[in-house]
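**Q** Fit chains B and C to the supplied structure of chain A, relying on the hints for placement.
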Amino acid sequence: MASKVSVKLSKPLCDRARNVVEKAGYSSLEEFIEHAVERDLAKLEQSESKDDLIRKMKGLGYLE
Amino acid sequence: MTRQSSVRAAALLVLWAAIVLWHGHGHGPATQHGAPRLAYIGPGAGFAFLGSFLTVVISVVASLLSFLIWPFRILWLAVLRRGRFGKAQVKKVIFLGLDGLDPKLTERWMDEGKLPNFSRLREQGSYHRLRTTFPPLSPVAWSTFSTGVNPGKHNIFDFLNRDLRTYAPELSSAKVRPVTRFLKIGKWKLPLTKASVELRRKSEPFWKILGRNAIGSTILRVPITFPPEAFDGRMLSAMSTPDLRGTQGSFTYFSTGPDGSACEGGVRFPFTASGDALEARLPGPETTSVVLRVTPGQHAGERRLEIDGATWALRVGEYTPWIRLRFSTGRWSSARGIVRFLLTSTDPDVSLYVTPVEIDPENPALPISHPGYYALYLAKLLGSFATLGMAEDTWALNEGVIDEDAFLGQSKLIQAEREAMFFSALEHTRRGVVACVFDTTDRVQHMFYRYLDASRKTSGGSRHAGVIEALYRDMDRVVGRTLEYADGNTALFVLSDHGFCSFRRGVNLNAWLLRNGYLFLSEGVAEGGAYLAGIDWSRTRAYTFGLSGLYLNLRGREAQGLVAPEEAATLKAELIVRLTNLLDAETGEVAIQHLYDSEAIYSGPYRDAAPDLIAGYAPGYRASWSAAVGTVTNSVFEDNTKCWSGDHCVDPSVVPGVLFANRRVESDNPGIEDLAPTVLQLFGITPPRWMEGKTLVFAAAG
Amino acid sequence: MAAGALSGALSLWAFRRWCDTDKLRAASNVMLAHLMEFRLFTDEPVLILRAQRELLVANARLLRLILLPSLLLTAPFGVVLVAADAFFARAPLRPGEAAVITVQYAFRLPNVQLQAPPEIVVETPPVRARFRKQISWRVRPSRASSGKLRLRWNATVIDKSISASPGLHWVSEQRSGSLLGYLAHPRELPFSDRAIDWIRIQYPSANVLGFHWLVWYSTAACCGALLTTLGASRL
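Protein chains in written order, with this note's numbering: chain A, 1 to 64; chain B, 1001 to 1702; chain C, 2001 to 2235.
Simulated from the structure, these hints should not be mistaken for laboratory data. All of these numbers come straight from a predicted model, not from anything done at the bench. Heads up, a few of these hints could be off.
Unchecked claim - In silico DSS-like links for lysine-lysine, alpha-carbon gap of 27 Å or less:
{"hint": "1", "chain 1": "A", "residue 1": "K50", "chain 2": "B", "residue 2": "K1175"}
{"hint": "2", "chain 1": "A", "residue 1": "K4", "chain 2": "B", "residue 2": "K1412"}
{"hint": "3", "chain 1": "A", "residue 1": "K4", "chain 2": "A", "residue 2": "K23"}
{"hint": "4", "chain 1": "A", "residue 1": "K4", "chain 2": "B", "residue 2": "K1694"}
{"hint": "5", "chain 1": "B", "residue 1": "K1104", "chain 2": "B", "residue 2": "K1694"}
{"hint": "6", "chain 1": "B", "residue 1": "K1208", "chain 2": "B", "residue 2": "K1642"}
{"hint": "7", "chain 1": "A", "residue 1": "K23", "chain 2": "A", "residue 2": "K43"}
{"hint": "8", "chain 1": "C", "residue 1": "K2160", "chain 2": "C", "residue 2": "K2133"}
{"hint": "9", "chain 1": "A", "residue 1": "K8", "chain 2": "B", "residue 2": "K1208"}
{"hint": "10", "chain 1": "A", "residue 1": "K8", "chain 2": "A", "residue 2": "K23"}
{"hint": "11", "chain 1": "B", "residue 1": "K1412", "chain 2": "B", "residue 2": "K1642"}
{"hint": "12", "chain 1": "B", "residue 1": "K1208", "chain 2": "B", "residue 2": "K1175"}
{"hint": "13", "chain 1": "B", "residue 1": "K1091", "chain 2": "B", "residue 2": "K1208"}
{"hint": "14", "chain 1": "B", "residue 1": "K1175", "chain 2": "A", "residue 2": "K43"}
{"hint": "15", "chain 1": "A", "residue 1": "K23", "chain 2": "A", "residue 2": "K50"}
{"hint": "16", "chain 1": "A", "residue 1": "K23", "chain 2": "B", "residue 2": "K1412"}
{"hint": "17", "chain 1": "B", "residue 1": "K1412", "chain 2": "C", "residue 2": "K2023"}
{"hint": "18", "chain 1": "B", "residue 1": "K1208", "chain 2": "A", "residue 2": "K23"}
Isolated chain A (complex conformation) (with noise of 0.2 Å):
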């Protein structure tokens, strides 16, 4: 399992983040924090290579 690190955000942000957490349907604020920076980091980080990705898949029953 990952270890975690702290970030600090500023107080407010992080109150306007707590207010629609729940709403979103998040399960705490840390998941909805880690979910905004993975979606921007789908976009700046490299792909990989789908050679990788199809081989990881290999042996899953329903899948030939």
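**A** Same frame as chain A, now just chains B and C:
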């Protein structure tokens, strides 16, 4: 961790080191020489005595410490629980998950008196059909079971997800990222970081909430728990745990016979003859391998297997025990795996089947349990065990590498391992949750459903006709044993995530989209390749891969998106009209009962990752093998000729699961999302508001 | 060192030969599992108690499994270790340094005399410790030598070897009249006289390269056993 427990852990560690050293790391014979202060009884024995003496001393100290700390722990736990035990209705909750146990078959065999323990549970408590998820797939449904939310909030919509930039499908549940930083010394590369594994299932499972309230759980093999998350309890990962080669399970097959064609789900290699012996290399992670030699045995159906100087007897049709292998991945590093071998024939050809190289629970290359040593503990207590997500090798049977009996034999061995873990967990739980999912039920039904389907012609049907019934009877036995642990303070739930039906015909919706002008292939491409290869994205408006989803090529979301967001609703409505009641002209049957708009069935922050439409196939139909991997074929329908003949990737209304409880459940339509809030309620915890399931209401006693 | 390595290999071989290694491994695996239970089930004293009980049972099983080879190994290792202890653990007397000679007598021992070789000076008259039935002398060698001390009373004469030198060699600390004493100090044959139990020279203790010889011996033994393990099955 409290200070005292750190001290205790350190003490245990020291003892551990001593014992492990003395045991030659647990592989060699269990003795070495030492401790000559006790020399007059022989030095080896001296150390053994010393070791065992130390063990006793340390255990006494540890238990004394534990008893000294106990009152303080109890106080602390009471603070954490904030008097919730007062409100708790139970001391213990048991979830016995039987993946894919079908309500129609269960009801039929209960009525015929073949499942006495299920019947007893129904009479003494209650029985309901359990509403499943869209789509009714194990990763989706069990994630909803754990979190009490719809897939829009837990992010698992299928086995597969896609990379929106490259359209490359990927596993939806976990992502293993390789080591990215190395220290280079001359020609050697030392990894500076560890390979990271990320769990893609979002939201929060009920056991974490229980843990925060000081209620411990043992979670065994519940799907989508790889990598394991930290919480107050013990967990063994399941579905989506890879093998050592990084795949979801690929077997190896060696034979002196003809090479045969390429095969799915595994690799085939010829043996090399060397005198009397046959030699081959068993591939491990990356480019590593282990040399194995097969030499003649005493009888015709026997051979001897040699690996690294150790030998095992091979007999046709008999699996070896788990054999631990070491793959050298570098000068100072190695990865350990476990395999079973099965000699499948000796005449005319010598053929040897090897299970996927699974992660060794005693030395896991990737985290498979919480705490990390829990897998080691289980292996030391009960023996080694299959760790792969989908351990029953369905592809080996599909490909004819092993036969039905060998597949069943393998499933039974795995079932026995899991049962041992489950009942050991029950033995060790006085309060808290024990949840265990057995997936033998799912795998065996997938492979043997053809024998239940009267409309299919199957060869050798008589011998295997009763396999599924025997499977249900066997689960009845497990239920009977579990009932012994369910006293008045225990809530027992026996449940399945979905039911089952036949899989006779495959539907390739990419072919239908191609034929109807929603999908285009690149110039000069007659038929697409696997994983959406050959598609002309500049003209394509919709595509499919995975088991039930249809995706729009949406501008602003997909890298080469075409459909403007404002046109999406119209396009979806159009597809729903055209595909609902899609007719299979060859059989005259309806193949798709409903097409669901994901906006209507999912809500939550991860809905963007969901397919835009979910196909509700009619019983007998499913996404074809080619469509599941995103191939664009020319024909929309095809026969399913594989052994994999039962499935549940159909309309959720067709394949509900089952829910048995040892108390009366007052609910007319319980769903799998209701169990997480229910277990919280049973322990006196108010479910968080983001959970969607409704707590099941129990009738008053009597 | 060689003897240590050899005995390591030998004991390993003996354990393999006379123990059911599979059972032994199973027993120790179970022990480890129960030890882990102390950590896994911290909050449940009942489970800790049960783990404790099961650990003791597994322990007993382990001891039973190693019983036969332990007994069988006792004889050869006894001999080897006794000899090695005499050789490495005791140094001969150093020239110029005093040492004490003690005689343990059974009932009474009148008029006893100690005669030493010319290089060794007997510095004191016999000192009696009646309660412990012991008589002691202080002796001091003037230079390196080896010879016999002669104990004489009435018509009886008993010899005891003594050596003084700056190096290490096999010294005999004690000569006794009983079989058991002989087994523990086999360099000198037992005497038949019943009036005394033993004669002992308190040699200075010695070490090998700064450590007690047992440290080296056990290191060598562990290495020997480990190499044998690796040689026998490389997994």
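**Q** All hints are to be evaluated individually against the structure, with a verdict given for each.
**A** Evaluated hints:
1. A:K50 - B:K1175: With Cα atoms ~14 Å apart, K50 (chain A) and K1175 (chain B) stay inside 27 Å; holds.
2. A:K4 - B:K1412: violated (40 Å)
3. A:K4 - A:K23: Holds - the C-alpha atoms of K23 (chain A) and K4 (chain A) are around 25 Å apart, at most 27 Å.
4. A:K4 - B:K1694: Measuring from Cα to Cα gives roughly 32 Å; hence the hint is violated.
5. B:K1104 - B:K1694: Holds, because 25 Å separates the two Cα atoms, which is no more than 27 Å.
6. B:K1208 - B:K1642: violated (41 Å)
7. A:K23 - A:K43: holds (25 Å)
8. C:K2160 - C:K2133: holds (19 Å)
9. A:K8 - B:K1208: This hinted pair holds, its Cα atoms lying about 24 Å apart.
10. A:K8 - A:K23: At roughly 23 Å apart (the allowed maximum being 27 Å), K23 (chain A) and K8 (chain A) satisfy the hint.
11. B:K1412 - B:K1642: Holds - the C-alpha atoms of K1642 (chain B) and K1412 (chain B) are around 22 Å apart, at most 27 Å.
12. B:K1208 - B:K1175: holds (21 Å)
13. B:K1091 - B:K1208: This hinted pair holds, its Cα atoms lying about 17 Å apart.
14. B:K1175 - A:K43: holds (17 Å)
15. A:K23 - A:K50: This hinted pair is violated, its Cα atoms lying about 36 Å apart.
16. A:K23 - B:K1412: violated (46 Å)
17. B:K1412 - C:K2023: Holds, at about 25 Å.
18. B:K1208 - A:K23: holds (21 Å)
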